[in-house]
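With chain A held as given, fit chain B onto it using these hints.
Protein sequence lines correspond, in order, to chains A and B.
The first sequence: position 129 = 129 (this note's numbering), numbered continuously.
The second sequence: position 51 = 51 (this note's numbering), numbered continuously.
What the hints contain is simulated information worked out from the structure, not anything from laboratory work.
Errors might be hidden in some of the hints.
Footprint (simulated), chain A over chain B, 3 or more residues, beta carbon under 8 Å [what the hints assert, rightly or not]:
id : region
1  : 142 to 150
2  : 158 to 172
3  : 212 to 219
Values in this document were obtained by computation on a predicted structure and should not be read as measured data.
Each residue gets a CB set at the ideal place from its N, CA and C atoms; glycine is no exception.
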Amino acid sequence: MTLKEFWHRLGSPKWFYQMSGPWQRAFAILAVLLIVVGMAWGLAFAPPDYQQGNSFRIIYVHVPAAILAQSVYVALGAAGVLLLVWRMKMAQLVLENLVGFGAWMTALALFSGAVWGKPTWGTWWVFDGRTTSTLVLLFLYFGLYALRRAIPAREAAGRACALLAVVGVINIPVIKYSVEWWTTLHQGATFKLTEAPAMPASMWAPLLVNVLGAYCLFAANLIAKLRTAILRQEQGTAWVREWAGREARP
Amino acid sequence: MFAVQFRRDWLSLRRAKDEAINPLVFLFLAATLFAIAFGGEPRRLAGLAPAIIWVLVLLANLLSLEALFRRDFEDGTLEQLLLLAEPPFAAVLGKVAVQWCMSGVAMTVLAPVVALLLNLPLAVLPALMLGLLLGTPALSLIGAVGAALTVGLRGGGVLLALLLLPLYLPVLVFGVSATLDTMAGVGAAAQFYWLAAISAMALTLAPFATTAALRISVEQS
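With the rest of the complex left out, here is chain A (with noise of 0.2 Å):
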């Protein structure tokens, strides 16, 4: 199969449904692998940091999830891009499926970065660019679940949802850049982590492996999303029909 075959393939709810058990799986395995490995060896094998003792453990959550809040409103946008575009079916699928994991991820993010803060900067929170700029994501979010809820045709949401996601991802660095520039202009390096020699590998390397694992459940979640709502979705065709018959008889 050809990529380009396979590409038109992905775009066929039914296709998709019939071959995503085995991926659903596997990513699941691997993401419950990862996470386990790499937080066993994060938090109980990584040596303690020099100056903030056991508390810099929190990142082996704080970076994975502040890096997937942002991996999912990128998908979100290229799944916008797709829908406005080729109006692919299975687009507004993961549109309508993947807000609701990115709003939690950008949440964690937040939550962990507050409580990483208090025992290091001495604060919950400050108004530093980066912070800022998650919590702008995370009101991004919002707007695209208020949207979508507001609008009580189905495709209609998800186009409209499409291009609010295309045109938070254009003013994302716009965003990005300005609160980091009003905050260095302020506050300068106050706020800074401390910054230490570039981490050592004992410590950098659990911290990939959280991330990979944090990205296989971000695949598997959005998989079984997808299957759940595809099998809403085509509930009245015959091949779904037949699958249900199929399940019901064992």
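Below, chain B alone, put in the same frame as chain A:
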């Protein structure tokens, strides 16, 4: 097309003045509230005035955006506009230009009075007005995308705020910091360039997004 649309909207605006004036009254009223609330400490108010004025301008702009496409949507004009052979880019731009005249330009003209209420030093006034003049086109243009997305929806007002305020953030940041830096005696040229750049980018991209959003809104109704 731009001129025709501009003239038409200008005329209909003149015949329904309240819609245009109410957001400006809101700006005054809210500024007065701040001034009264800070009554005892005019000096502290002066330091906060740029931030207060810019936030109020953002909110007042939201209020005037709500009506941008509403009437044309309800009586079907919008549908006709989208059905024309000519791309609706220029017409959309004409509508936004009228909205900008009644929000951005009007607020810039009124800014001295609001600044007076909030005890802003007179020397900073040119910086505030220049910032408003350069930044408000971006507010109107980006706002038009949100207005187009929410035009057919019930309770669109709050939704509009939720969608647009995060996107307004850069304009707020540069607008306020331009005024504050001028107040502190530091040059603020960079911020003005930034505001102009954001407006220029919005001018080139936002009308396309607005048109697409209008199509979505019209198709579902």
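Violations among the numbered hints, reported as their numbers in ascending order:
none
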